[in-house]
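Top line first, the protein sequences correspond to chains R and C.
Numbering-wise, numbering that gives the first Met the number 0 puts 50 at position 51 of the first sequence, and it's gapless, one number per residue.
Numbering-wise, numbering that gives the first Met the number 0 puts 147 at position 148 of the second sequence, and it's gapless, one number per residue.
You can trust all of the hints, since none of them are fake.
What follows is a list of derived Cβ distance ranges for each label pair:
id: 1; chain 1: C; residue 1: Thr114; chain 2: R; residue 2: Glu75; range: 48 to 58 Å
id: 2; chain 1: C; residue 1: Gln73; chain 2: R; residue 2: Gln179; range: 28 to 38 Å
id: 3; chain 1: C; residue 1: Ala139; chain 2: R; residue 2: Glu148; range: 29 to 39 Å
In silico DSSO-like pairs for lysine-lysine, Cα to Cα no more than 30 Å straight-line:
id: 4; chain 1: R; residue 1: Lys52; chain 2: R; residue 2: Lys4
id: 5; chain 1: C; residue 1: Lys172; chain 2: R; residue 2: Lys132
id: 6; chain 1: C; residue 1: Lys132; chain 2: R; residue 2: Lys172
Honestly, the hints are just simulated from the structure, not real lab data.
Computed from a prediction, not measured in an experiment: that's the story for all the values here.
Cβ atoms here follow ideal geometry from the backbone N, Cα and C, with glycine treated the same way.
Listed here are the chains, written in short residue letters.
There are 2 protein chains.
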Amino acid sequence: MTMPKRDTYTPDSLLAVAVEVFNERGYDGTSMEDLSRAAGISKSSIYHHVRGKEELLNRAVGRALDGLFGILDQPEAGNGRAVQRLEYVIRRTAVVLMDELPYVTLLLRVRGNTTTERWAMERRREFDQQVAKLLKAAVAEGDLRVDVEVRLATRLLFGMINSIVEWYRPAVKGALDRDQVADAVVRLAFDGLRA
Amino acid sequence: MTMPKRDTYTPDSLLAVAVEVFNERGYDGTSMEDLSRAAGISKSSIYHHVRGKEELLNRAVGRALDGLFGILDQPEAGNGRAVQRLEYVIRRTAVVLMDELPYVTLLLRVRGNTTTERWAMERRREFDQQVAKLLKAAVAEGDLRVDVEVRLATRLLFGMINSIVEWYRPAVKGALDRDQVADAVVRLAFDGLRA
Chain R
0 MTMPKRDTYT PDSLLAVAVE VFNERGYDGT SMEDLSRAAG ISKSSIYHHV RGKEELLNRA
60 VGRALDGLFG ILDQPEAGNG RAVQRLEYVI RRTAVVLMDE LPYVTLLLRV RGNTTTERWA
120 MERRREFDQQ VAKLLKAAVA EGDLRVDVEV RLATRLLFGM INSIVEWYRP AVKGALDRDQ
180 VADAVVRLAF DGLRA
Chain C
0 MTMPKRDTYT PDSLLAVAVE VFNERGYDGT SMEDLSRAAG ISKSSIYHHV RGKEELLNRA
60 VGRALDGLFG ILDQPEAGNG RAVQRLEYVI RRTAVVLMDE LPYVTLLLRV RGNTTTERWA
120 MERRREFDQQ VAKLLKAAVA EGDLRVDVEV RLATRLLFGM INSIVEWYRP AVKGALDRDQ
180 VADAVVRLAF DGLRA
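Next comes chain R alone, as it looks inside the complex (with noise of 0.2 Å):
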């Protein structure tokens, strides 16, 4: 048994200890009192900073909303062809899922039995299909491919992305640089592997 220690969490330091707990053992799996081992301290405590373990639920997976909805709300998503946008918003949206691990990670993995894993699913549905808008101008404009449906073309994107999350781990000593990763991404995605 651990002592619990005295609650000095910050709500961004108690969302970082949950959402490890989350990705862990799954949201559905997780108790107050999963969460109030891993944190060490009290389950009061913790009621002291949220009221439930939706709310941080809700925060973990705004967190990382936030950031790929951000994305589209630069300058760079929004003018120009859309084939340059369309690499502006893959680039980020890579480089967002990087920076943001563990809340995308989370954000990947609901499956919607509650209002907040509803509403996020809804949510990431909404970015996928303003990449798929952006991704049909672009076919438009003649400078993409008409020989692969866009909403097939679409998801194998993200299929492409979001595996990402499945093996990044930016603290490993030789690990890839995240700008490596992103050029990667985008090249792969816009030109493939061929010479």
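Model the placement of chain C on the given structure of chain R, informed by the hints.
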């Protein structure tokens, strides 16, 4: 309470039920009780077919792995320029994934708490390494770009292919056709989105 039904299962049909439950609840989260309930037969009837749930896991991931390694044994994967062999392997990997959807889904989700899980992860890694070797050979032959590291390219490539399990549902009306998906994977992998 459901009435137990007469045990008319074959090894394959019982395996199909088990894999469905494993994919839904996770392998760790599935008890023999859960399997008995899903199959509608008693636990002792299940033990008549298999020694336990690990044997079912072994058969299920074995089926996925046989499908994948079977690709590498084909003449098209062994003869000719590396880039052509790679194209064959990528296309067939996508097809096996769709044909053996629940089995490959399970394979991609196992996380290594039992001997069988660790073995499955090890075999999956071997398959990825075989593909990485092919990619390296195609780079050496001058057919693939040199500005994306082989290990990273392999990861992103499998990220794209493996993501198919997240959304491909063959029985859904209006769903994308298997060959259409495999074509798209090959086009995007080699030549990207650009027109």
